[in-house]
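The primary structure of each chain is shown beneath.
Number of protein chains: 2
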Amino acid sequence: MPVSRPRIALSRARLSQASPRARLAVALVAMLALPGATTAAPVSPASSPLSAEASDPKLLGWMQGAPPPEDKRIRYTDDDYFSFPKLRWTACHFRQLMPTVGVSRGAGAARALPRRLDAAIDALSFTPTGSSTGMTWAQSLSANYTDGIVVLHDGVVVYERYSGCLDEQGQHGAMSVTKSITGLLGEMLVAEGVIDETQRVGAIIPELKDSAFGDATVKQVLEMTTALRYSEDYADPNAEVWAYAAAGSTLPPPAGYTGPRSYYDYLKTVQKQGRHGEAFGYKTINTDALGWIIARRTGQSVAQLLQSRIWQRIGAEQDAYYTVDSTGTPFAGGGFNAGLRDLARVGQLLLDEGKVDGQTVVPAAAIDRIRAGGNTQAFAKAGYPQLSGWSYRGMWWISHNDHGAYMARGVHGQALYIDPTARVVIARFGSHPVAGNSANDPTTLPAFDAVARYLMERDRGQ
Amino acid sequence: MPVSRPRIALSRARLSQASPRARLAVALVAMLALPGATTAAPVSPASSPLSAEASDPKLLGWMQGAPPPEDKRIRYTDDDYFSFPKLRWTACHFRQLMPTVGVSRGAGAARALPRRLDAAIDALSFTPTGSSTGMTWAQSLSANYTDGIVVLHDGVVVYERYSGCLDEQGQHGAMSVTKSITGLLGEMLVAEGVIDETQRVGAIIPELKDSAFGDATVKQVLEMTTALRYSEDYADPNAEVWAYAAAGSTLPPPAGYTGPRSYYDYLKTVQKQGRHGEAFGYKTINTDALGWIIARRTGQSVAQLLQSRIWQRIGAEQDAYYTVDSTGTPFAGGGFNAGLRDLARVGQLLLDEGKVDGQTVVPAAAIDRIRAGGNTQAFAKAGYPQLSGWSYRGMWWISHNDHGAYMARGVHGQALYIDPTARVVIARFGSHPVAGNSANDPTTLPAFDAVARYLMERDRGQ
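Quick note, the sequences are listed as chains Z and X, same order.
With our numbering applied, the first sequence corresponds to residues 1 to 462, in that order.
With our numbering applied, the second sequence corresponds to residues 1001 to 1462, in that order.
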């Protein structure tokens, strides 16, 4: 079976003749990388350059020692800091490389997560998509380059593991799981009447009136059915993603650069291609447009709103943070970083229909809207062979399976999976060498489904 | 009375012909700026470019709006981000501009600070040094460009004010107060026998054997009586501080740059000038050398050690952070940022001889050693007219007054003042236009002393 090379490696080769700024933008782009960007056949982990164990950042010695030896340093200003295997260190250390804003949990104590660990989970078996041989849950952790995974059943931790760069006190880049956090805030504001989802974006943000977003509705942004001339094909040096990355960069601009110097300034330049509302197109800039809508309607950035409305109310045990552009705007499409248990707490909030200890934190209507999903026909046009029958709504991926499972998905294997029927939440951080979830979906989706059904069965038998 | 122009403004003018990297290093240098760097006559606030009220960052609109207008943006890559009046915004937003590492307070609840506010403090009167007219405490807040100040008496908050960029949830750069935090960690390890202060630095860190630090003792580093060829004169383009700033920069190096690329790599290049132990010389690199000694002896950076040994044990209400170089090494000489109340909690820890709720956090011997002070004759040679009779020990400034007051001092008015006799702690963040405490000492030191004596008297009268 042919194996697709990691796309980031491809782009990097192409970029070696590009400007330093373009090269430095690679990591931002890596954050943007999409589940749909790689539609190639599943990658066998054994064919990858190094296994999860062999690429462990502690084993490879990245950034160890005071100071680390020159050949073990990972710098933001080098062009490979988010390439495999270095990305296995970087995924836990974004704030150490670039500017950020904080999301404070407040001065209270964390809300304890009860624990009743189930030792049987490691041996659970499932069949990876497209495979004829089974795999255990424990094996899937390595296959997926898992940095951390926690499984909640009815709000109780039944499984928790850390590896690679992560431990229970650490933080990890959520990558495109960030989009689902932004989407949750957006749906919350829609449910509360602060945002009218039928409004045109240009009516809310006059600066976007002449851009492609101008005549798109908020609903189309939330479902990513906007028609945008915007390519995230890293192999194409003319792809718009490069201009976007340059706009969001906090590094010195190259001499003579006159382009936009913030995410928002870039959004103003986006042109329309096609008709809004017809097809799902997974494009990160929709989420940043949503972040702008949220900021304009509330006067708060997504970081500030997440802090006041959610992070200080779910009993988080760590502060979280966002990477920012040079205007301090949080990267709503991919810049969120948090502890794993706190990501699980967000999942539990959704599972509990927006309530924490009986108090409404997010209106149930917002979560119901996400769970109901978006337009499956529009979604099908985007061509995700492993996500047949799925849809996208509120920046969440909705499976429409018999359990009504839905999830947040980040490049390199970040995931927040919610099975409302089995009452299971799975939060995972990972640093898979392939920048695209199609590479790990075969060993992820059946594994998540298997553990959820096992836990539901187990309790039924009690 | 002639008024000295802010030194940073002077350096900036000089630097306008310098390389972009050198210009970009200005802010780092500003962080390093010393209480002793400006020995000019006290600056009358009325003569400053803008008063505290007129330079309020909210009033000036820095970084407000989504996105902020171009002329209201403050960028790390512009050379004026830490010049007055922009520094009044920047002082609270370092993490939004540059890479950092966190200092977590842990998952527990903050330890409440009891409050019994004393409304009489605002009207307290004192005579500024060298002045014939009195000033009230309330007036001193504006005179000193105070961003936040809290006064504890016997561990009780009796006074608290915020202004400018700061509020009770915000964080502020501690500037050279960072040195005293590093020094406290160093004295703690000396008291615990982990570090032998009579050892030569070269025996602990072989990489420093051939540098000026090689034959200096740890005690000489703690007292800054090392003899270093190292100038922090920003007006001199050949001053070593520029090479130091370049080494610590996280921005792309200029083409052809072959110099050191971390604080530690720079320290290896420092040459000796004179004889160790004879004179106090306030040079930031001593603190970074101490940070390296701490890291080598404990296997933890100053950020990690502060977190595990102090921040998680004093009931801090916010996480703190350090700015870092490109190796992730915290800037032990000036990179600490924290909430104001938490800085006050550090002061209370020292006032309480290292105990929190009866538990020893820092050995009393370490604090006694700081309070005893260093060599006053060596200190006198440095020539601080306003600090006559003072000394420096464990990176703290010891007044040797009749109350045994001692303090941490940061450029632009950061202060942590401890009066053991009056049982008073004063924590202050500021953003004074002049980079040097001699400009605000006349309206600071008598004010701190006055409030401490007032509180002691007040309780005696009860």
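Because the hints were derived from the structure by calculation, they are not lab data.
Possibly wrong hints are sitting among the right ones.
Below, simulated DSS-like cross-link-like pairs (lysine-lysine); rule was C-alpha separation at most 30 Å, straight line [stated by the list, open to error]:
| id | chain 1 | residue 1 | chain 2 | residue 2 |
| --- | --- | --- | --- | --- |
| 1 | X | K1355 | X | K1219 |
| 2 | X | K1272 | X | K1355 |
| 3 | Z | K209 | X | K1209 |
| 4 | X | K1072 | X | K1058 |
| 5 | X | K1355 | Z | K58 |
| 6 | X | K1058 | Z | K72 |
| 7 | Z | K355 | Z | K268 |
| 8 | X | K1058 | Z | K268 |
| 9 | Z | K58 | X | K1072 |
Checked hints:
Restraint check for K1355(X) and K1219(X): the C-alpha separation of about 24 Å stays at or below 30 Å, so the hint holds. Straight-line distance between C-alpha atoms of K1272(X) and K1355(X) comes to about 39 Å, which puts the hinted pair past the 30 Å bound. For the suggested pair K209(Z) and K1209(X), the alpha carbons sit about 64 Å apart, so the restraint of at most 30 Å is broken. Taking the CA atoms of K1072(X) and K1058(X), the gap is about 11 Å. The hint holds against a cut of 30 Å.
Of the pairs offered as hints, the one joining K1355(X) and K58(Z) is violated, with about 36 Å between alpha carbons and a cut-off of 30 Å exceeded. About 43 Å separates the Cα atoms of K1058(X) and K72(Z), which puts this hinted pair outside 30 Å; it is violated. In summary, the hint linking K355(Z) to K268(Z) is not supported, as the alpha carbons are separated by about 37 Å, beyond the 30 Å threshold. The suggested pairing of K1058(X) with K268(Z) holds, with an alpha-carbon distance near 27 Å, which does not exceed 30 Å.
In summary, the hint linking K58(Z) to K1072(X) is not supported, as the alpha carbons are separated by about 43 Å, beyond the 30 Å threshold.
In summary, the numbered hints that this structure violates are 2, 3, 5, 6, 7, 9.
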